[in-house]
Amino acid sequence: MTIAEGEKSGIALFIPQVYDIVWSLIILLIVAVFFYKFFMPKFQAVFDERAAKIEGGIAKAEQAQADAVAAKEKYEAQLSTARVEASKIRDDARAEASHIIADARSRAESDAAQITANAQRSIESQQQQALVSLKGEVGVLATALAGKILGTKLQDADVQSSMIDQMIDDMSTSGK
Amino acid sequence: MNETLLSGVMLASGDVELPGVGDFLLPEIIFPGTPFAMDRIIMVRVIATVIMLVVLGLTAARVKLIPGRWQAAVEWVLEFVREQIVYQVMGEERGKRYVPMITTMFLTIFVFNICGIIPGFNIAATATITMPLVFAGWCFVQYWIAGIREKGLGEFLKEELFPKGVPAPIYILLTPIQLLELLVIRPVSLTIRLFANMLSGHIMVGLCLAATQLFLVESHSLMAVIGVGTFAAGIAMTLFEAFVAALQAFIFAMLTTAYINMSYPEAE
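Protein sequences, first through last, are from chains A and B.
Numbering-wise (this note's numbering), the first sequence opens with residue 1496 and increments by one.
Numbering-wise (this note's numbering), the second sequence opens with residue 443 and increments by one.
Hints are computed from structural coordinates only; laboratory data are not their basis.
Glycine residues also receive a C-beta, built at the ideal position from the N, C-alpha and C atoms.
Relax, there's no trap hidden among the hints.
Cut-off 25 Å, straight-line C-alpha distance, at most; resulting in silico cross-link-like pairs (DMTMM-like, lysine to aspartate or glutamate): (1) A:Lys1643 <-> A:Asp1665; (2) B:Lys538 <-> A:Asp1543; (3) B:Lys593 <-> B:Glu535; (4) A:Lys1532 <-> B:Glu535; (5) A:Lys1548 <-> B:Glu521; (6) A:Lys1532 <-> B:Glu517; (7) A:Lys1537 <-> B:Glu517.
FRET-style restraints, in silico, Cβ to Cβ: (8) A:Leu1524 <-> B:Arg591: 21 to 27 Å; (9) B:Ala688 <-> A:Ala1527: 16 to 22 Å; (10) B:Glu459 <-> A:Leu1524: 31 to 37 Å.
For the chain A half of the interface with chain B, some residues (derived, Cβ under 8 Å), not all of them: (11) Gly1505; (12) Pro1511; (13) Ile1516; (14) Leu1520; (15) Phe1533; (16) Met1535; (17) Glu1544.
Produce the entire structure from the sequences given, and follow the hints as far as they go.
So, in structure tokens, the structure goes:
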């Protein structure tokens, strides 16, 4: 610009031109519609999505933590139950063991008594048998003795005594 | 306004292009004489809008849950506007409905401002009075709507024009000022602050670079040393303009939020 042109009145700067108003309004309208209808909603959607993601992530982490705590509690509860159960089983086992031992002992005792009784009975029966057979044999011997006595014609005292000794010897040998 | 400064420079050289008011009062290039006429600034504005919509549109279309670098940068800006401007001023509950509006304002004004230092554009798309005025108009409409919706027209005007805790005679002074504030000062101050910043920024950068052209390239004398200085100043001003572009977008968005918030009742 030369000075001549620069001399245009400065006040003209502050007077809006019609075409300038038209274009300013058109542009403002376009820009505003663009920002209101497209640009801001697009970004807002992303901001919201991001916030949701972050909140979701935090919630998920909290959930995971809660789950872990619950699992730990459950595990500990199970552990203590198991411990109680184990000690109960141990006690039971011990009780049962002493029971079994006592049982065994009493059975052994009764068995022993049975065996003793059996032995006793068999001894008695054998004794009885021995007695019976002895009685039988004594009869036979007495008969044999009587026969002998009658057969040898008891002549003198010497013969008699030797015969008796003989008899007793016989008896004792056969008694054996 | 810069004639005295410029006339000194003009003595040295015949026709270096110097920035001036004329840079902002441009001939209509397309559809001249119709309501759809376009001058250079409007073309910059249209092209900047198209570029912004394409870039941000692609970003939004490809938006992902896990952001890439570019998306993270855009998200940072969105978060900055939402948290540092809107929620900071009016809180989340009230602010929610204004987030799209303030984001639109902030990003659009910033993109339009930054055109001032983009080679090829070399002028901010907000560098006519109208564009800031339209944004300020939007703000104006919104704080009136908010006031009427939240308090009703009568109550809104009563609270704004007759603030509590002021002695009655003061209202003679205060009420016209408050009315003026509500109807004119707020939108016009928003408009002029932004426009004037863009205007002066352009002139400052232009002046530095024109002087560089004059001294460094065309003077063929020791004056070239000055040209080195003006070139450095031109770079500094360009960087400063980038800062101002962001700062003015921030201020505009911040004040808009604050004005709307003022229409709400003090305590909910």
